[in-house]
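Kindly generate the complete structure, drawing on both the sequences and the hints.
Same order as they appear, the protein sequences are chains A and B. Taking the working numbering, I'd label the letters of the first sequence as residues 1 to 298. Taking the working numbering, I'd label the letters of the second sequence as residues 1001 to 1278.
Keep in mind that the hints were calculated from the coordinates and are not lab data. You may find that some hints are simply not true.
To be verified - Reference listing, derived: stretches of chain A covered by chain B, where coverage requires no fewer than 3 residues with Cβ under 8 angstroms from a Cβ of chain B: (1) 25-31; (2) 34-42; (3) 49-63; (4) 77-91; (5) 137-151; (6) 188-199; (7) 258-271.
Just so it is clear, CB atoms sit at the ideal spot from N, CA and C, and this is done for glycine as well.
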Amino acid sequence: MSIVISKQAMVTAVPGSASATRFEKNRATREPLWVKRIILGLGLTFFTIFLLMPLLAVFVEALRKGLEVYWHALRDPDAIAAVQLTLLAAAISVPLNLVFGIAAAWSIAKFDFRGKQILITLIDLPFSVSPVIVGLMYVLVFGASGWFGNWLVENDIKIIFAVPGIVLATVFVTFPFIARELIPLMQAQGREEEEAAVVLGARGWQVFWYITLPNIKWGLLYGVILCNARAMGEFGAVSVVSGHIRGLTNTMPLHVEILYNEYQFSAAFAVASLLAILAVFTLVIKSWVEYRTHKPGH
Amino acid sequence: MAKSRSFSVLPGFGLSLGYTLVYLSLIVLIPLAAVFIKTTELSWEQFWNVVSSPRVVASYKLSFGASLLAAAINAVFGMLLAWALVRYSFPGKKIIDALVDLPFALPTAVAGIALTALYAPNGWLGQYLEPLGIKVAFAPLGVLVALVFIGLPFVVRTVQPILEDLETELEEAAASLGANRWQTFWYVVFPILLPALLTGFALAFARAVGEYGSVIFIAGNIPMVSEITPLMIITRLEQYDYNGATAIAVVMLVFSFVLLLAINGLQAWTARRTGRTL
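So, in structure tokens, the structure goes:
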């Protein structure tokens, strides 16, 4: 569901101080100063308590016992294994959902067929499923007593409590991100440019590569960056299918949980700070893409 | 389908739609169906016993109650924040605007331990709340705080674009007809924002009901007091009680799907009101 929102930010007028003066200079659209102060005061207090302080707390807690402890926690072999597994899960699930997103957006935006609206709703479905239920689903299908349980055991294939299960759960929770970004974008761009290219003799891949891709590249980057952030940060779904085997099936968020439950708070926050840096990096890229796509004349 | 295809000169319809449907079925639809099929192994009575056991019912009350309250808090403060971001210029605005999406980008487990650190009895905020007798961490109030964090961007990001698109002429007309600022807001601006506000509220609510990672650290998970419904599923899973876990999951899924339909309806309403598709 989150993407339903973030997508809007892309098509909106540029959010910036320039547009606010338009309201502030107009007597009909501005409030008395005391009202403005109350709204700003309440809004910014809420922002500080619920967003700024949790973010700062991660870094302060991580460095509470000094840089030595911080570096030690990050150099721990289990932490390094967790980072590697998180990178692996993202490196598999993001490209899978990228290919899906392009295929889904191409079929939905460039063609008419019955049931299109239902298909769009179904693509959104993973956003409304609790992460815990995502894990449960895959346990029911691939677990030892699940649908394929016996077959998997006979063939010595491990999915649940192993890396494939973690990848599957990650693919599910990040499923709609790129598709939800591309579908409205490609629908808004229409079909004329591609049709013209085909009429002029371009092949299918040429049309996609030279016409469609340049048109959707910013939306694509936007979707990929949000998909990646969720893929690296997923906790609930991955927690159910992981089995928490240290050094083997622990992702970074799960490693944070284990350290925290062992009262190694500084170490937990040290690993958490890496994820927080990723989050800030994601927001920077996201704002940059929004800035690029809002540029006058774009 | 074949008929409509003949209207298009573009290639790749069969391939792209086929791939979409296969991938959607394998990753989403078939595993989801497994949950519903698994419940058929239970008799109606067994199912009812699981989903209406006192500990589970207590978890519904907390999950749904705290989620509703968190969404309501977000509706009020999210609206204020959206208003400030669109209508006022102040230092640091661009950074604040970007940081509003932090709950989307920050992993839930990180948010969970950070909020716990803030509200623990010796934390930055907890040390002032504790003497007042307000217990946040390891209590139901902590669940509420985590759910407010998780749902914060939804209302801001649904209301903000509608507010930006709003023509100043409407408010100028209201002002010239003698309306004061509050009347202009209440009778002119607010009705336009309402569908988006409700959509944001519903999205925040839907997200909060299923949330797990940020809540379990701060909740304390005391049976009958501060256990959320997703945790009840985890508890059953840890006891290898797959039937029990599935029964509770079905209750949550049915609720989520009804909510999803409601949200689709709200978004259609917003689109009709404002000409903007969500």
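Sort out which numbered hints this structure fails and list those numbers smallest first.
4
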